[in-house]
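Each chain, written out:
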Amino acid sequence: MDYIVTLFQSLTVQAIAPTTAAFAIAAIGLNIHFGFAGLLNIGQAAFLLLGGYGFAISIERGLPLGIAVLVALLCALIFAFVLGLPTLKLRGDYLAIVTISAAEIIRMVGRSSILTSLTGGSNGITGQSFNGPFFALSPLPDHATTILWFTYDNNGVNGWWIRIVGWALVGVFTLLVFALSRSPWGRVLKGIREDEDAVRSLGKNVYSYKLQALILGGLIGAIAGIIYVLPSSVQPDGLGRSTTFFIYTALLLGGAASVFGPVLGAVLFFVMRLLVQTLAQDFIPTSIMNGQQATQFSYVLVGVALMCLIIFRPQGILGNKRELSFSV
Amino acid sequence: MMLLALLASATSLAFGPSAAHAATTTPCVVDTTTGCIQGTLLRSDGKPAAGVTITAKLGGTSLPSKTDDTGRWAIPVKAAGTYTVTLNEKTLPSGQYLANAKTNDRQVSITLGAVAGTIFQLSTTKGAVIDNNNTGSDFSWQRLAQQSASGIRLGLLLALAAIGLSLVTGTTGLQSFAHGEQVTLGGLLAYTFANTFGFNLILAATISVVISAATGYFQDMLIWKPLRKRGLSLTQLMIVTIGLSIALQYAFQYFYGAATVRIDTNNPKTIDLGGVVLTVQSYVAMGISVVVLILAGLFLLKTRTGRATRAVSDNPALAAASGIDVDRIIRLVWTIAAGLAGLSGVMLGLVLNGVNWQTGLQILLLIFAAVTLGGIGTAFGALIGSLIVGVIVELTNLVLPGDFKYATALFILIVILMFRPQGIFGRRERIG
Numbered sequence: 001m002d003y004i005v006t007l008f009q010s011l012t013v014q015a016i017a018p019t020t021a022a023f024a025i026a027a028i029g030l031n032i033h034f035g036f037a038g039l040l041n042i043g044q045a046a047f048l049l050l051g052g053y054g055f056a057i058s059i060e061r062g063l064p065l066g067i068a069v070l071v072a073l074l075c076a077l078i079f080a081f082v083l084g085l086p087t088l089k090l091r092g093d094y095l096a097i098v099t100i101s102a103a104e105i106i107r108m109v110g111r112s113s114i115l116t117s118l119t120g121g122s123n124g125i126t127g128q129s130f131n132g133p134f135f136a137l138s139p140l141p142d143h144a145t146t147i148l149w150f151t152y153d154n155n156g157v158n159g160w161w162i163r164i165v166g167w168a169l170v171g172v173f174t175l176l177v178f179a180l181s182r183s184p185w186g187r188v189l190k191g192i193r194e195d196e197d198a199v200r201s202l203g204k205n206v207y208s209y210k211l212q213a214l215i216l217g218g219l220i221g222a223i224a225g226i227i228y229v230l231p232s233s234v235q236p237d238g239l240g241r242s243t244t245f246f247i248y249t250a251l252l253l254g255g256a257a258s259v260f261g262p263v264l265g266a267v268l269f270f271v272m273r274l275l276v277q278t279l280a281q282d283f284i285p286t287s288i289m290n291g292q293q294a295t296q297f298s299y300v301l302v303g304v305a306l307m308c309l310i311i312f313r314p315q316g317i318l319g320n321k322r323e324l325s326f327s328v
Numbered sequence: 001m002m003l004l005a006l007l008a009s010a011t012s013l014a015f016g017p018s019a020a021h022a023a024t025t026t027p028c029v030v031d032t033t034t035g036c037i038q039g040t041l042l043r044s045d046g047k048p049a050a051g052v053t054i055t056a057k058l059g060g061t062s063l064p065s066k067t068d069d070t071g072r073w074a075i076p077v078k079a080a081g082t083y084t085v086t087l088n089e090k091t092l093p094s095g096q097y098l099a100n101a102k103t104n105d106r107q108v109s110i111t112l113g114a115v116a117g118t119i120f121q122l123s124t125t126k127g128a129v130i131d132n133n134n135t136g137s138d139f140s141w142q143r144l145a146q147q148s149a150s151g152i153r154l155g156l157l158l159a160l161a162a163i164g165l166s167l168v169t170g171t172t173g174l175q176s177f178a179h180g181e182q183v184t185l186g187g188l189l190a191y192t193f194a195n196t197f198g199f200n201l202i203l204a205a206t207i208s209v210v211i212s213a214a215t216g217y218f219q220d221m222l223i224w225k226p227l228r229k230r231g232l233s234l235t236q237l238m239i240v241t242i243g244l245s246i247a248l249q250y251a252f253q254y255f256y257g258a259a260t261v262r263i264d265t266n267n268p269k270t271i272d273l274g275g276v277v278l279t280v281q282s283y284v285a286m287g288i289s290v291v292v293l294i295l296a297g298l299f300l301l302k303t304r305t306g307r308a309t310r311a312v313s314d315n316p317a318l319a320a321a322s323g324i325d326v327d328r329i330i331r332l333v334w335t336i337a338a339g340l341a342g343l344s345g346v347m348l349g350l351v352l353n354g355v356n357w358q359t360g361l362q363i364l365l366l367i368f369a370a371v372t373l374g375g376i377g378t379a380f381g382a383l384i385g386s387l388i389v390g391v392i393v394e395l396t397n398l399v400l401p402g403d404f405k406y407a408t409a410l411f412i413l414i415v416i417l418m419f420r421p422q423g424i425f426g427r428r429e430r431i432g
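One line per chain: the protein sequences are V and A, in this order.
Using the numbering used here, you'd call the opening residue of the first sequence number 1 and step up by one each time.
Using the numbering used here, you'd call the opening residue of the second sequence number 1 and step up by one each time.
Derived by calculation from the structure, the hints in this document are not laboratory data.
Keep in mind the model is a prediction, meaning the values are calculated, not measured.
When the alpha-carbon atoms are kept at most 27 Å apart in a straight line, the in silico BS3-like pairs for lysine-lysine are as follows:
no. : chain 1 : residue 1 : chain 2 : residue 2
1   : A       : K225      : V       : K321
2   : V       : K89       : V       : K204
3   : A       : K126      : A       : K57
4   : A       : K47       : A       : K126
5   : V       : K204      : V       : K190
6   : V       : K321      : A       : K229
These stretches of chain A come out as covered by chain V in the derived footprint (C-beta under 8 Å, 3 or more residues):
no. : segment
7   : 237 to 246
8   : 414 to 420
Here are a few chain A residues that sit away from chain V, every Cβ distance over 10 Å (derived from the structure):
no. : residue
9   : G60
10  : D68
11  : I288
12  : A320
13  : L395
For each residue, glycine too, the CB sits at the ideal point set by N, CA and C.
Same shape as in the complex, but just chain V (with noise of 0.2 Å):
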């Protein structure tokens, strides 16, 4: 019984984490992108790197907070642009291509050495050298607090303060995606994807409105990159190809072109992970799979289930699947 309780605490602890939060703005950003507009774009992680590069080095120039916010943002904005403008018109899986390229190269120039003075190579860039104003703008005193079995530090670098403003923006964006779906310019969005020439028809201009939900959501996917890089570092290799894939396994868990989907998607995926790689670590002998293998193994997991649940279930748990349809 002590076992399933710790084991439900772990659990628990993992779900609220500054870093679910984080993966869950991202699976927002790429749902308005894949789920609505039927973008494919698995370049996500940049937006998320560049949004913790933008707000990271913002700060250790010395600009305010809020400045480095709008840098971190104006990143990704200029990104999306780049990657739009020309790609958009291209078909669904050559778009999948161009957006992963793209990533790779924000990747490898950020961690490159002749830029080390700025973005750190790839050692990247310690929390301690940006975190600071975050922190200091925490109005909670500084002491820990316990809820249920949840202590930490009110204001401590993983403390309750950035688990506070990471779930409110989740509920934010939540909320922003929840007004979109129903405004007109949602219903444009999602009648693109369901037949882009039958929109045209009507007189919109597509390839503005795709334009649009790019950048909406790639700017989600900045905030989401601040917020991921927060508690611990900004690591480019950290934010690259695999960060991408399990942000689309969250998403296509929870339910694509769903409004809750991602959150709930971002949650069980971290959970899930963590329960199948605690049960194989305490229940399978060392001999047979060690501790790091566990770890793998729950990875291998997640391959399986990305491909079991796209062809079985490509809606998720909670979408609709007259409401998801693929480009190509």
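Following the hints, position chain A against chain V.
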């Protein structure tokens, strides 16, 4: 060469700094109040240089250290900051000089509880300049020739994987993200048979290629054909390949760990051909690639099945209507593609001196670039595309630092997709 360095750096990243630090024998232990500035000093012949004094200065404090018998040195620091690290050139062994002497007084930033490394390089000539980033500052025709040769080598090995992928994409429309893992699989299998089982290299390579081809056959039988019958869209199928790629990457780590394993543990011999130095294995690998590529070309152009393959690639519906068994052709294409990818992996492993779980992952986008550049579905185009991509990747080193070499290839991929998405030899109607 730079590819090797890139692989090595990727491996060390995967391991993290702790593994590297555990190997240090010097008495510098990182804790919350201590940081270590450290490095290893090697003579120009690769042997450790002992007894050399290296000093770190911050403000008025000066912290000296001496390299030990293994060439290692470490300076424990109790205050974070940017130190000036200097090697005392008078303490160097006789006949050894500091290369890049201008960078002797170098700035090293360190925080407490962390390790900062810096490497001094030695040379047998006084005032030598060794350029590790291979930037364009020391352009020479000799380097151009060397890099071009490396580029053609990379291109030929990419071509093996690219032709298979091009045929798969041509016949099924699918862009397989798991093709990189097929390359890795070939290399890792060769390692297993050559090292764990002790087979000779040729036998090990042959078995690896056969098993690789078998994985292609069974993949199509168990996954791709049922999914085609199920009527999954291409986008869905592409996401399936992404899932497969993730699962395989971690499965490789599960069985082989994250380290680079060497298929052939002997030190490779090199051949100097008019100033271009490549290993013997490189020449053999290039030779095998050329032979296999010619055979693949003859198969496609001269045999009945090969013609049927090109027919399916051109227009599956029309091919089926004219009596070609499209499913049989696709099964064959998957088998050949996986086999060629496996062969590419074996030879990449030999040429790059090792293979690890992300060998294929790192070249996947280069393969995509090669296939797109040449024109999807055209085997000949994939060959030309691969050679161009390979040479561009290696020549990038002449003008830009080594870490940009893949970025250039990907940039070219994006430019092609924007201006000529059908590639050099492709036809417009494939673009959709």
